[in-house]
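Now for the letters of each chain:
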Amino acid sequence: MKTVRRRRPLSRARIVRTSMIYSVAACFVLWILFPIWYTISSSFTEPSKIGVRPTPFWPANPTLDNYKIVLGIPIRDKDCTPGVDIGNCQTAASNVSVNKIVDTMLNSFYVASTVVVITLIISTIAAYSLSRYRFVGSNFFLNFTILSRIVPGLVLVAPIFIFLRVLDLLNTPWALIISYTSFTLPLAIIILKNYFDQISVDLEEAAALDGAGRILTLRLIILPVAVPGLIAAGVLVFLESWSEFFFALVLTDSYTVPPLLAGFLSMQTFNWTLLSAATVIAIIPPVLLTMIFQKYIVTALASGTGK
Amino acid sequence: MESSETGSGLNSNLDRRSLLTAMGVAGLTTAPLISSSMMSSADAAGQTINFTAWEYQPDTIKSLVKSWSGKTGNKVNISFIPNVGYTAGIQARQRGGKPADVFYNFAYNSQKFVNQKWAADLRGLPGADKMVAEMFPSARSRFVAENGAIVSAPYFSAVHMLQYNKKMVAAAGFSSTPNSLQETYDQCKKIKANGVASPYVAYWVKDFVEEYLHVYLLAGGVKPFDNKGDPIFMDDPKTLEVLEWWQAMYKDGMTPKSVLTDDPGKHTTSIANGDAAFYALHHYFLRDIVESKGSASADIAQAKIVGTGGKTLQMGEVIQMGGKVSGKKKAAAWDFMKTYGYKDSKGEFSTFQKWAASGALCAPYPGFFKDPKVIAAFPKYMDLSLIQDTFQNSSDIVPARTLPWYQGFQAQCGTVIHDLLLGNSNPRATANALAIACKTAKSGSGL
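Residue numbers (this note's numbering), protein chains in the order written: chain A, 1 to 307; chain B, 1 to 447.
Just so you know, these hints were derived from the structure itself, not from any lab. Quick reminder that beta carbons are idealized off the backbone N, C-alpha and C, glycines included. Mixed in with the good hints, there may be bad ones.
Claimed, not checked - Label pairs and their computed distance ranges (CB to CB):
#, chain 1, residue 1, chain 2, residue 2, range
1, B, S67, A, V102, 23 to 33 Å
2, B, S176, A, K68, 20 to 30 Å
3, A, L33, B, N227, 51 to 61 Å
Unchecked claim - With a straight-line cut-off of 20 Å between C-alpha atoms, the simulated DMTMM-like cross-links for lysine to aspartate or glutamate are:
#, chain 1, residue 1, chain 2, residue 2
4, A, K49, B, D59
5, B, K62, A, D65
6, A, K68, B, D59
7, B, K293, A, D65
8, B, K223, B, D236
Produce the entire structure from the sequences given, and follow the hints as far as they go.
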């Protein structure tokens, strides 16, 4: 027999509550999206039109010139009179580093990927141990791991600089890989320890009964189950390594993306349109990564909340 | 570095102006003798110089370095640090034991770096005295400390100028740009009445407003600091007039309300599109305005901040030699610095010619403005003779701005001035607060 489900009439209070929730959510989304929209819009804007009032939702005459300049593609300037109005026109020296964005993105990708691999290997073992074993100082170790996230990078940069100078690793990708790993490890350990805590011990006991040792159990039983946690930790570590500025500034000569972007603000000359174009290009990999693995990130970060 | 210590005691009681003048005369007469008897650049071939610069026109920097390397046989490793974060970057490298041999620096850090022995005293190097002697007298004290130490060479220099819309000024019935701060207000008021909502723009953000404090004090005929670097502006009644004017400009809507956070790019757009009539900032910003090709770009010209009135601020950044550079490398580093911040081996301003063409940047030497190659290279829409006259006769570097403690004052300035502009403080209280900020910074100087 077919049953007809009658929708419960909405009460006035419920309508008000729902409207308020959606209004707040809409404001929050706008607040988050506004800078992104402004950056994208600016990247298609001519320099002379940036900051005009009223601010248009989208530039009237969108241009790809900013992207071309950033990527080192020559642009044709039909209004230019060489030697008269704008110096040397197309051949005029750029105020900023152009044609470096792709190289630095590849550098950033290499550094961030290596950091992810190293961090996940070490943090998986550390987090599993903290989750499954009670040993002398395990609580202290865990608390210390959390505390190490509180220490500002500014304090650590000098000793790390000296350490890397002695090893002759300054201005190499390893300068960043080593330093980033030191502060991404605690993050990954915390996430993975939390995730391992959610995995039933019964699985491991069953594996032990079948004769599997700890390492084999971890490899064959736990890791496949912990894939969402590993992905989430990996993505967060990747994002942190991708966007780190200060260590990259001090330990290398603009080897990765963030210092390169900072170079667009120079001597009171703010190249907003070029900066916007470079930023849009630079955020593509992390945005794609986050979109692809979004559900794992949410699952892993939410794990433990229902305890 | 040792000579710096010795010189300190000998010269501590000598009047700063007399010292600089004497150095100029002595330099001009003895430099040829010294330079022939001391090490030459030829002795220093085959060296590797580590050069750190901030990332302004990196391709120009590379071509300058390549040119010098090609001529001398020395190698230069260039390290670029973004302008944002440059001080932190360079100090971390100094502290971490990997200093550069030659590096860009902000003028306000230059004496501090020499005191800290992170940068070398250039006295005694061949041609150093001549370099100082050939500068505009008004510029010398940026490069020479009170004890006579030559702390740096010029990277570039600029003067604050008033970029203005010729048509708007004429349409408001004025035959010339303002000759005083009061006239600036009056012209803005008339232009505002003509329909320009915010006639005056300037880079008044917290981090930068200290430069404007000096621009306006000098325009108002106030000497901000005495020869010892002690603040004296608060005792001058004209200071209160300047601060009253400044507050009125903001409160009466002569500027946009957002001027306290707007960046130069926005101001450039504003004046280039006819949304503002005046834009006070360094002379080379006229290049940005013209090149942005806004609807009013062709109507923009340049004038002194207060025309025939007071002076304006001359600013600039510097290059320094690392404190640990010695031997043949020092000779090579100095040769590189001379080419970069003074003249090349042929006696030409080859580096500055390039900066003039690519960025409309200036050098603090009268000879720079007479150089035919500079004249040819400088953008045609800029009045080079006006800029030269401003350097020579109508500007001041405010020597206190390079003293080791000054950055502490600079950091406080933004909050104090913004309080004034926002109406949270009055001119008298602001003058007092600035004086206290000076004294506090001075008493707590050091890195």
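Hint check:
Roughly 28 Å separates the CB atoms of S67(B) and V102(A), a value that falls within the hinted 23 to 33 Å. As the Cβ distance of S176(B) to K68(A) is approximately 43 Å, the hint placing it in 20 to 30 Å is violated. Between L33(A) and N227(B) the CB atoms are about 56 Å apart, so this pair conforms to the stated range of 51 to 61 Å. Of the supplied pair hints, the one linking K49(A) and D59(B) is violated, its CA atoms being roughly 26 Å apart against a limit of 20 Å.
The hinted pair formed by K62(B) and D65(A) fails the criterion: a straight-line CA distance of about 24 Å is larger than 20 Å. Annotation: proposed proximity of K68(A) to D59(B) holds, straight-line Cα distance about 17 Å (limit 20 Å). Of the pairs offered as hints, the one joining K293(B) and D65(A) holds, with about 15 Å between alpha carbons and a cut-off of 20 Å not exceeded. Of the supplied pair hints, the one linking K223(B) and D236(B) holds, its CA atoms being roughly 8 Å apart against a limit of 20 Å.
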